[in-house]
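Undergrad: With chain D's structure known, arrange chain Z on it following the hints.
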Amino acid sequence: MRYLISIILMSIVLSANDINIIASKECGFNTINHKSIKDLFMKKTKYYKNTHIEVLDNKECYNSFIQNFLKKTPTRMRVYWTRMIFTGSKKPPKKISNDRLKKERVSNMCRVSYTTLADIQGWKVIDVTP
Amino acid sequence: MYKKTVVTLLLSTFSMAFDNLSLHGFGTLGLTYQDDENIIYRNNWRSDSGSSGDISLQNDSKFGLQLDWQIEPSLSFTIQGSVDNGGANLEWANIKYNITDEFDVKIGQMRFPTAMYSDILKVSYSYDWIRLPEDVYGILPLTSYLGGEFNYQSVYKDFEYRFKLYAGESKDTMKGSVDVGDYDIELKHIFGLNLSFLFDNLEIYTGYTQADISITNDLINSYFDTLYKRDDLSLSQKNILHEYDPRGKDTKYISVGFKYTYDNAYLVGEYIDIDMKNIISDNYAWYVGMGYHFGEITPLITYSRVTGRSNYQTKIGDTQIDRDLAQMAQITLKSQTHITLGLRYDIRENIALKAQYDHIKESSKGRGLSIHKEIPYEATSIDLFGLSMDFIF
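Protein sequence lines, in the order shown, are assigned to chains D and Z.
Our numbering puts the first residue of the first sequence at 9, with every later residue one more than the last.
Our numbering puts the first residue of the second sequence at 13, with every later residue one more than the last.
Bound-form chain D, shown alone:
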């Protein structure tokens, strides 16, 4: 029974519509496309529209985000970051909670993250284009 429940729980994955891409107020853009989200969160680039960006993962909806936006499973993503870490190439984005996101706006740097919440003070929800 416990096994069945865990399978049902595991199968509940949030859709892309349930996740808002958010940017700190310092970011001078209000839309972002899927490809750029993927490149930024896999740290293939640190720029979007000539703006230097720091990305933050949200540990409360991380799995749903990478499945919907990066088109990767959690396992494939771990394999990707394993290679990056152990070759000294890149480090994965800092993974924080919704509560922490509210407190993260300490610098004047443009930051991009995501959340299931409708609104987080100090952040703006940006539109995602194909």
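Check each hint, because a few of them may be wrong.
[As the list claims (entries may be wrong)] Chain D stretches covered by chain Z per the calculated footprint, using a threshold of three residues with CB under 8 Å from any CB of chain Z: (1) 68-75; (2) 120-134.
[Claimed, not checked] Looking from chain Z toward chain D, a few residues come up when the C-beta cut is under 8 Å (computed): (3) Tyr137; (4) Ser138; (5) Tyr278.
[To be verified] Below are the DSSO-like pairs computed for lysine-lysine, each with C-alpha atoms no more than 27 Å apart in a straight line: (6) Z:Lys169 - D:Lys98; (7) Z:Lys264 - Z:Lys377; (8) D:Lys98 - D:Lys80; (9) Z:Lys250 - D:Lys98; (10) D:Lys111 - D:Lys51; (11) Z:Lys264 - D:Lys99; (12) D:Lys80 - D:Lys99; (13) Z:Lys264 - Z:Lys250; (14) Z:Lys169 - D:Lys46; (15) Z:Lys176 - D:Lys46.
Honestly, the hints are just simulated from the structure, not real lab data.
By construction, the Cβ of each residue, glycine as well, lies at the ideal position given by its N, Cα and C atoms.
TA: Below, chain Z alone, put in the same frame as chain D:
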């Protein structure tokens, strides 16, 4: 009050330092079994121990730690060490300076980027096999080098590309077959470049390395040095002999690889050609494999092959010396085919269980990569069973 301030300052300093430090680890607990007592199946040139008619824990087991220190935003230090059946090894120990976000320079000890997965060779969690295809990776004895490298990577629309230029030197001691014994390999004046492309689901890797190679041990040194002193050999004979001398000669590695991912399936392959300008035979090898990710379970199949080309062309004109040189060329000529069936199961976050069966068929045209306890021997087949648990933290 003073003490409290000092303690607070010390703690905050330590905290800041700790924030800039990160420790990661990887390891494999592996069991390997092959049933032929006359053969030692090993997965490491630095070791002559492995499975020999018994279950071996030494073959695939390893443990590594990596410490990263972000000294300042553009400057970092990485050190990575590992322990396996070849002993303790310093894999990485370098300072990295990010000149821009796309361009960085590394100085120190780095992994040899000769093939597509060379930089991650020992971190088995990062690939689906228990061990990387030995026909390609088993003919690359040196795995790290001391020097510098320049890296450039960028994304242009759907096209991601990486460029690496490196130079340095490398040295290590290898365990050879029973008739050769241990020997030292030294690479000087290493110069190499890699170019990788990622377009949509296709990754392409190309690599080129050139260096001056010296392969030495007491047997090789005394053999060639004695012949140079012989008065009965002419200058032209000694010149030919000098061309075969495996000390301080050019070598070139050329490699290409690809990985194509379609949905949950992938197709992967590599080819490497090692060109030697001495009596050591050239070897070229390739593999092609495919796998499918059924959620956390990934079955895979790989076919690989290594073939040698003898560099012994011009005869000296002395029966005994020509026989010796022909034998040296034959000993270093590799020839085997290899089929791998594997299964990876990601049982928990950061832990993967793997099972693998390998059927290796040696060819009479050269030697296989395993060690035979008795020389001469008949080419044979090796059945290898492996179970492993890979972990990272």
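Undergrad: Which hint numbers doesn't this structure obey?
TA: Those not satisfied are hints 1, 2, 5, 9, 11.
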